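Protein sequences, first through last, are from chains R and V. Be aware that the first sequence starts at 1, since it is given in the working numbering, and climbs by one per residue. Be aware that the second sequence starts at 1001, since it is given in the working numbering, and climbs by one per residue.
Everything labelled a hint here was simulated from the structure, so no lab data went into it. In this text the structure is predicted, and so the values were computed from the model without any measurement. Cβ atoms here follow ideal geometry from the backbone N, Cα and C, with glycine treated the same way. Please note that a few of the clues may not be correct.
As the list claims (entries may be wrong) - Derived coverage of chain V by chain R (criterion: at least 3 residues anywhere in the stretch with Cβ under 8 angstroms from a Cβ of chain R; other residues may be distant):
| hint | region |
| --- | --- |
| 1 | 1042-1056 |
| 2 | 1161-1175 |
| 3 | 1221-1230 |
| 4 | 1235-1247 |
What the hints assert, rightly or not - Simulated crosslink set (SDA-like; lysine to any residue; CA at most 25 angstroms straight-line):
| hint | chain 1 | residue 1 | chain 2 | residue 2 |
| --- | --- | --- | --- | --- |
| 5 | V | 1216 | R | 57 |
| 6 | R | 40 | V | 1067 |
| 7 | R | 238 | R | 248 |
| 8 | R | 112 | V | 1237 |
| 9 | V | 1233 | R | 212 |
| 10 | R | 112 | V | 1043 |
| 11 | V | 1233 | R | 47 |
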Amino acid sequence: MIHHLIRAAILTGFAMFIVYLDRTGEMGMFIAPRMELYVKLSALGLYAAAIYQIYAALQKRIGHTAPSCDCEHEPSPSVMKSILIYGLFIFPLLLGFLVPTGTLGSALASKKGVNFSTAVKLEQTAPQSPHPDLKPDSKTDGSIDSLFPFDEYTEAHAAYGKQLYKKTLIPVPEHLFIETLTTLDLYRNAFIGKEVEISGFVYREDDMGKEQLVVSRFVMNCCSADAMPYGLMINWPKAMNFANDEWVSVKGILSTAAYQDHDIISLDVTKIERIHAPDSPYVYPDLDFGL
Amino acid sequence: MQKFLYRYVTPLLGVGCLIMLALIVTQRDLPDRLLNSANLQTFKIIFISVILEAFPFILLGVLFSALLQVFVTDELIRKFTPKNPIAGVLFGALLGIIFPLCECGMIPVVRRLIRKGMPAYIGIVYLLAGPIVNPIVYTSTFTAFRGTPEMAYSRMGLAFVISVVVGFLLYKFMRKSPLKATPALHVIHHNHNHKHSHSHSHDHDHSKNGSGFRGKGASILSHSSDEFFEMGKYLIFGAFLTAIIQTVVDRSTLTAFAEQPFFAYLFMMAFAFILSICSTSDAFIASSFNGVFDFGPLLAFLVFGAMIDFKNLLMLLSTFRVKFVIILTLLVAVLTLVGAWVTEVLI
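Just chain R, same shape as in the assembly (with noise of 0.2 angstroms):
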């Protein structure tokens, strides 16, 4: 009977442990809006379950024994070994409900390595670029096609191309983040020399330079396990005052800069302001891009 109790406890704490995150507005923190709606629906799985060991626990007290079959999974007579496994159930919550959830930041960007380059397969797929020479002012519509070749795998990356082309100032949104940033990245030749606006949190590698500090967001899919940062270098002489994980906005001109044996892009700023962090920190691949 004691078991069916403390795993009814178990199971509604998970379940409101559940309800408490979406209440605080933490859910995003760990898991990505197309995800929230099942884990939503398994705490009230998690409840029924819990409502069913009262129910057991009460059948047994009033002697009935219970409906089920009690197989394979008899609870272990040993009284260390249940308190190992429900303290191993215990401590999530614990963690969940006393430790206050921060954010991801630089200590993992450095863990996981930031991704600065999001096109370097595409780019080896895609006819180069036939007119570097050429100055961004003296276009018109017909010659931006001859900026923007594409075959079948970057159409929809050169059409939006066209459409950030067309700006004075080139925006990264946060719903479009990693797709602007491949963009960018793919057709350099035609964005080197424009003006860029990107905001996330403040991120070194060990081998960057004192002028150069990485402007990073994590990229998430489906939970924060699988959080990626992606960055833009950003390049200027005071990059020094500003500390690793806070929040900062950039403006700078579009170049390219070497770094680890490859000409990642990269700006030259003109300028550079600390922000509030976002509400959530992270951003998320739009799979309707280019559909």
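Could you slot chain V onto chain R? The hints should help.
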């Protein structure tokens, strides 16, 4: 008490030593790395997110397993499972198209199927192929690798081939049941058979005899919640270790291996094993390595990680005999390595 000490403290010390070794190899200081608050945050977020993400799938798996237990008779499963081994293996490999489950939900279902009389080799084929050869995973892989649609095709193809090969090997060489021994099994089966014939004669659950429906409902909940605890402890332990590894181990120390082609395969497979992410989302991780790694290692990541990973290995150990799990893991690893390499050469 003494028995307890021998049984748990020795392995715990072993794990501690392994962690120490890992720290020495990666040249980290213990207090600084493990106890600073940024790492604690990272650990907490990853640990809990892995658990939360797996909850819906595990619940679905145990619910599905309980429904099978209560509503599907052993005879029905025997009738539907092909007798011919070739047809049986193909049946297992394609079952995921009809019943798509990811690897966390898969284990209780497969165990139930085997206990209910499905030949073990077919169950294992479903266990391996199911998390990959299904429409959901195909779509997510296709979306993640829009630039290289061959990836989605090769992932499906390779997973199918590997599971079929493993299925035939098991059919040929496996003699004992791979499940852990369960002494109480006979009694239960008898019990349930009895129950079923009873409810059949009364046409359906919600007949005049109310206890039939109540009994079945309670039975489903009982099976689900018991099985949830059984699987849950391995899930949580797996999530715990996964979070520690992700917090402590530096990717750059590992990517140093990526230079040699052979190590690139091993690295990506080891990485998939450590990450233990669900097969529905791992394609997006793999696509972030597009460019760092070639096609072959990425394919190895996608195929091996969905079949065997850390979290899933612990759950396998809860159900299958240790020796069987080790052999299965090695077999899948070797086949993935060879298969991914051959695919890379062919494409």
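Outcome of the hint check:
Given as covered by chain R, the region 1042-1056 of chain V passes the check, having 13 residues with a CB less than 8 angstroms from a CB of that chain where 3 are the minimum. By the rule of at least three residues with a Cβ nearer than 8 angstroms to a Cβ of chain R, the coverage given for the region 1161-1175 of chain V is violated, with 0 such residues. Counting residues of the region 1221-1230 of chain V whose C-beta lies closer than 8 angstroms to any C-beta of chain R gives 10; at least three are required, and the coverage claim holds. Counting residues of the region 1235-1247 of chain V whose CB lies closer than 8 angstroms to any CB of chain R gives 8, which reaches the minimum of 3, so the coverage claim holds.
For the suggested pair residue 1216(V) and residue 57(R), the alpha carbons sit about 18 angstroms apart, so the restraint of at most 25 angstroms is met. This hinted pair checks out: residue 40(R) and residue 1067(V) have alpha carbons roughly 22 angstroms apart, not beyond 25 angstroms. Taking the CA atoms of residue 238(R) and residue 248(R), the gap is about 14 angstroms. The hint holds against a cut of 25 angstroms. With a C-alpha separation of about 22 angstroms, the suggested pairing of residue 112(R) with residue 1237(V) holds against the 25 angstroms cut-off.
The hinted pair formed by residue 1233(V) and residue 212(R) fails the criterion: a straight-line CA distance of about 45 angstroms is larger than 25 angstroms. Simply put, residue 112(R) and residue 1043(V) have alpha-carbon atoms about 13 angstroms apart, close enough for the 25 angstroms limit, and the pair holds. Restraint check for residue 1233(V) and residue 47(R): satisfied, since their Cα atoms lie roughly 18 angstroms apart, inside the 25 angstroms limit.
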